[in-house]
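K.L.:
Using the hints, position chains B and C against chain A.
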Amino acid sequence: MTRFSRFMESFAAILLAVVWISPLMFAVWAAFHSTSDAVNFNLSSAWVLDNFRTAWSGAPWLQYFLNTFLLVTVVLIGQFILTTLAGFAFAKLEFPGKGFVFVLVLMQLFILPEVLIVENYAMVSRLGLFDSILGVGMPYMASAFGIFLMRQSFKSVPMELHEAARIEGCSLLGILWHVYVPLAKPTYLAYALVSVSTHWNNFLWPLIVTNSPETRPLTVGLSIFGAPENGVDISVISAATLMSVAPLLFAFLIFQRQFVQAFLRAGIK
Amino acid sequence: MAERVNIERRRQAIYGWLLLSPAMILLSIFAFYPTLATLWSSLFSRGTRRRASEFVGTENYADLFADPTFWLVVQNNLLYAAITIPVSIAIALAMALWANSKISARGFIRTAYFTPTVLPMIAAANLWLFFYTPGLGVLDQIGSLFGLPSINWLGQPETALWAIIIVTIWKEAGFFMIFYLAALQTIPEDLKEAADIEGTSRWTYLRRIVLPLLMPTTLFIVVNAMINSVKLIDHLFILTKGGPSDASKLILYYIWEMAFAFFDAPHAAGMTILVLAVLCIVATIQFFYIDRRTHYQ
Amino acid sequence: MQKLKKLALAAAMGISLSAQAAAQTELTMYYPIAVGGSLTEVVDGIVSDFHAENPDIKVNAIYSGNYDDTRVRALSAINSGEPAQLAVMFSIDAYDLIEQELILPFDDLIAGDEGKAWLDSFYPALMANSQIEGKTWGIPFQRSTIVAYYNKDKFRAAGLDPEKAPTTWEELVDMGKKLTSDGNYGLMIPSTGYPYWMFQALAIQNGKELMSSDGVTTYFDDPSVVETLEFWQSLSVEHGIMPTGTVEWGTLRQAFLEGQTAMMWHSTGNLTAVKKSASFDFGVAELPANLRKGSPTGGGNFYMFKDTSAEEQAAALKLIQFMTSPEQAAEWSIATGYMGVSPAAYETPALKAYTESFSPALVARNQLENAVAEFSTFETARVRDGLNNAIQSALTGNKSPRDALAEAQKSAERQLRDYR
Chain A
0 MTRFSRFMES FAAILLAVVW ISPLMFAVWA AFHSTSDAVN FNLSSAWVLD NFRTAWSGAP
60 WLQYFLNTFL LVTVVLIGQF ILTTLAGFAF AKLEFPGKGF VFVLVLMQLF ILPEVLIVEN
120 YAMVSRLGLF DSILGVGMPY MASAFGIFLM RQSFKSVPME LHEAARIEGC SLLGILWHVY
180 VPLAKPTYLA YALVSVSTHW NNFLWPLIVT NSPETRPLTV GLSIFGAPEN GVDISVISAA
240 TLMSVAPLLF AFLIFQRQFV QAFLRAGIK
Chain B
0 MAERVNIERR RQAIYGWLLL SPAMILLSIF AFYPTLATLW SSLFSRGTRR RASEFVGTEN
60 YADLFADPTF WLVVQNNLLY AAITIPVSIA IALAMALWAN SKISARGFIR TAYFTPTVLP
120 MIAAANLWLF FYTPGLGVLD QIGSLFGLPS INWLGQPETA LWAIIIVTIW KEAGFFMIFY
180 LAALQTIPED LKEAADIEGT SRWTYLRRIV LPLLMPTTLF IVVNAMINSV KLIDHLFILT
240 KGGPSDASKL ILYYIWEMAF AFFDAPHAAG MTILVLAVLC IVATIQFFYI DRRTHYQ
Chain C
0 MQKLKKLALA AAMGISLSAQ AAAQTELTMY YPIAVGGSLT EVVDGIVSDF HAENPDIKVN
60 AIYSGNYDDT RVRALSAINS GEPAQLAVMF SIDAYDLIEQ ELILPFDDLI AGDEGKAWLD
120 SFYPALMANS QIEGKTWGIP FQRSTIVAYY NKDKFRAAGL DPEKAPTTWE ELVDMGKKLT
180 SDGNYGLMIP STGYPYWMFQ ALAIQNGKEL MSSDGVTTYF DDPSVVETLE FWQSLSVEHG
240 IMPTGTVEWG TLRQAFLEGQ TAMMWHSTGN LTAVKKSASF DFGVAELPAN LRKGSPTGGG
300 NFYMFKDTSA EEQAAALKLI QFMTSPEQAA EWSIATGYMG VSPAAYETPA LKAYTESFSP
360 ALVARNQLEN AVAEFSTFET ARVRDGLNNA IQSALTGNKS PRDALAEAQK SAERQLRDYR
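Read top to bottom, the protein sequences are chains A, B and C.
Position one of the first sequence corresponds to residue 0 (numbering that gives the first Met the number 0), numbered consecutively onward.
Position one of the second sequence corresponds to residue 0 (numbering that gives the first Met the number 0), numbered consecutively onward.
Position one of the third sequence corresponds to residue 0 (numbering that gives the first Met the number 0), numbered consecutively onward.
Just so you know, not all the hints are guaranteed correct.
[Claimed, not checked] Some chain A residues flagged as far from chain B (calculated, every beta-carbon gap over 10 Å):
1. 20
2. 36
3. 41
4. 44
5. 47
6. 49
7. 51
8. 60
9. 159
10. 166
11. 169
12. 176
13. 178
14. 180
15. 257
[To be verified] Label pairs and their calculated CB-CB ranges:
16. 52/B x 11/A: 56 to 62 Å
17. 67/B x 260/A: 49 to 55 Å
18. 54/B x 253/A: 56 to 62 Å
19. 4/A x 197/B: 16 to 22 Å
20. 248/A x 38/B: 39 to 45 Å
21. 74/B x 245/A: 18 to 24 Å
Keep in mind the hints are simulated off the structure, nothing from the lab.
For glycine and all other residues, C-beta sits at the position ideal for the given N, C-alpha and C.
For reference, chain A alone in the conformation it holds in the complex (with noise of 0.2 Å):
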């Protein structure tokens, strides 16, 4: 009985995979066959690369590679900036005012950026930053949930490190720079992780201030590239969506063990 229910339940794990794979196997298939093939499901027909060099001439990928590179880095480091001065604000200082501050900062966890979409370009416009990769990333850079993750990871480091720091004669930034921030990464691992892949996926705001080829991300120019008025080619369309979703993918692979051990010594719960 229980061997029975152990194979169901084996059964049932590797089919549920299978169904959550098929989608990305199915557009494997159809970017290396003719559109009529892959619609036919002719098994026996030739893989070509023919859609490959279709979508690669379609469009500037290399430069929306690029843009979207550019623009999680930029995002990255604002909000590694950012939300380890706040979060060790909020952590380990004592000031007045500070309770009333946090609950504005966990307020904006609710405030999101999309939707507060119609301002925020108005404000973008206005600082000279529409169409810009600053523009599209500075919105994001203050994170609540990174501010809350790095004070929750700052007050776990025991405070008598941070007295033996002082005592050497640490400044209080030099305290945060050799104590708290090495000792605090696996929430950075974790913390980009999390970060690079929502923005390497942000789609509605780039959509938004982005309006040029030099700063559109991948995002936007898969979607545009597979919006022409008169219908798509599933088939370019395919090779278009794997390549531009390969290097993050590989990099997933890749990385799959540490990505997970760094969550798991994130012990983001």
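P.N.:
Only chains B and C this time, still in chain A's reference frame:
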């Protein structure tokens, strides 16, 4: 001595505010000020060539409440949230338990579950379009093997929203799984051993020991899922554009459409304020709940 | 002394640099594109030809997706103070653009008889959407009508004359029935994306316009309009020659190429793409008639934005004139399937040779004599949305055509009340 404490206190205050200021400035610019500005602009009418913008008080809100599309969209979004949140969490939990157990092919399973998370929603939508398209689509082809009639998943009001919901669940579950997986590893092995010795069934062990220990994680995920049920609309742009007959239109998409396709910023602002108000209420309830139920160190 | 010299040199260089900058007028143009990415190369080619002729003008042509995306992008740019002098946008956006005070009429920009002659050189049917309140607000660029594509092989297989596409609604239904076999349909008319456009074609054929020419009245609940929607619905429900539910605009071409339907109605802008990938013998025909023949025009016009200097306006006008000149129009038509926008384009050697070897390229133009302005009113996006929803509700069986259209009419009247 008192003097030194005082200096130290002042020093901390200055440092505290200095360290907070960059984040606070950005939060003010991109969260607090826009919220107020949205509230303000929702009280004015739209300016056109014939009529300049003027103060209209709550008229925009009255318009929204009288707009049947608005109510349809609200209803859609509620259904969207009511299905995607529990289902994706339940699936995520099952995935985490499986990925954590000694099942064969665990590596493959884990990878497969997690893959949708690294795909941009917009790309994922392209993949799913290939699934849903009547006649050509994978679902129809599979259906036809069993003699089922062709179903126009995205083209019928009864199924369009469900098709969208499925994509969302597919995308989210793997992401939530990671959090559960992390939490599961912190549950000490000896609890399991003790349960085995006592002859507790796996089901009871799961229900009485694992689930309570996962409670904080679950709450964290619920918050995330709720936020996603408002903001995860990218696939609408590819799959349905809110159609047919608004059957799959969600509120953020309607806001976008109002502001950027209909050029009607005031009504978009009104809707934004309503969404924020609802989120705020939910947030307040959550915080009280979290405060009571869990213990963040 | 040495220092002074350097300074003078620097100053001189500065002056010459700025003089150079002043000599060059920079234009930013947003445009949508019909079929897939590679056509951006065609536009880039046209632009670089233009640069060669006009070295003092620099054009940044920005491809920005479909028509809706392009409008959003161009207007965002303007709202945020980014430069944008001209754009190719939906011909039916004119009312909204005027109402938002964003565009300039061309009448004021062009001088005298020469300018008037230029405006008159285009097909009048293509100008219909741009002429509002006595002025011309748009110049036709990528323009289309709806045409019927049909699979000649399937016509032969069904025992029909492959050279004779249906010319009346009755023939359409009869032939459609013969062409329908299990799993494959006789006809597909797309009902996502631009359902109002297809519906307008049917309504015209049924003898009724959907809107008044001043853009403030719609006739959705008119009996013959209701009858039109009933006819469309009957194609699937009663006659079974079309799938039930909506037919997806974006994947329809693929469905036609895969032989899932023997006939499809689609934009002529799809012609080149169909020609490239059809593995069977296909034909293109004018749409059938009920009371009369007809199709709305469609597609994009050039618009000139208001906040532009006189210099930029002159440069932009030059660019528009270049891109709509007969030679360029001919090249564009061959590359896409869109119409040559002026009779002169069809007299160019290139397009003449092309249409002689490939006669379907003439169908859209021949249809122009029966063509009317595309559906467009004030508040056009929302009014259109209401109509689209009514059409989709009827086709999906959620509402009766009469109720759905009455609802759309009511909401249109609410939107248009302020403009009367």
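K.L.:
Now tell me if each hint is right for this structure.
P.N.:
Okay, the hints, checked on the actual structure:
1. 20: violated (4 Å)
2. 36: holds (12 Å)
3. 41: Residue 41/A clear of chain B: closest Cβ-Cβ about 12 Å, beyond 10 Å.
4. 44: holds (15 Å)
5. 47: holds (17 Å)
6. 49: holds (18 Å)
7. 51: holds (15 Å)
8. 60: Nearest chain B Cβ is 13 Å from residue 60/A, so the label holds.
9. 159: holds (17 Å)
10. 166: Fine: 15 Å to the nearest Cβ keeps residue 166/A off the interface.
11. 169: holds (14 Å)
12. 176: At roughly 12 Å from the nearest Cβ of chain B, residue 176/A sits farther out than 10 Å, so the non-interface label holds.
13. 178: holds (15 Å)
14. 180: holds (13 Å)
15. 257: holds (13 Å)
16. 52/B x 11/A: 56 to 62 Å: holds (59 Å)
17. 67/B x 260/A: 49 to 55 Å: holds (52 Å)
18. 54/B x 253/A: 56 to 62 Å: Since the Cβ atoms of residue 54/B and residue 253/A sit about 58 Å apart, the hinted range of 56 to 62 Å holds.
19. 4/A x 197/B: 16 to 22 Å: holds (20 Å)
20. 248/A x 38/B: 39 to 45 Å: holds (42 Å)
21. 74/B x 245/A: 18 to 24 Å: violated (39 Å)
The structure fails hints 1, 21 (numbered hints given earlier, in ascending order).
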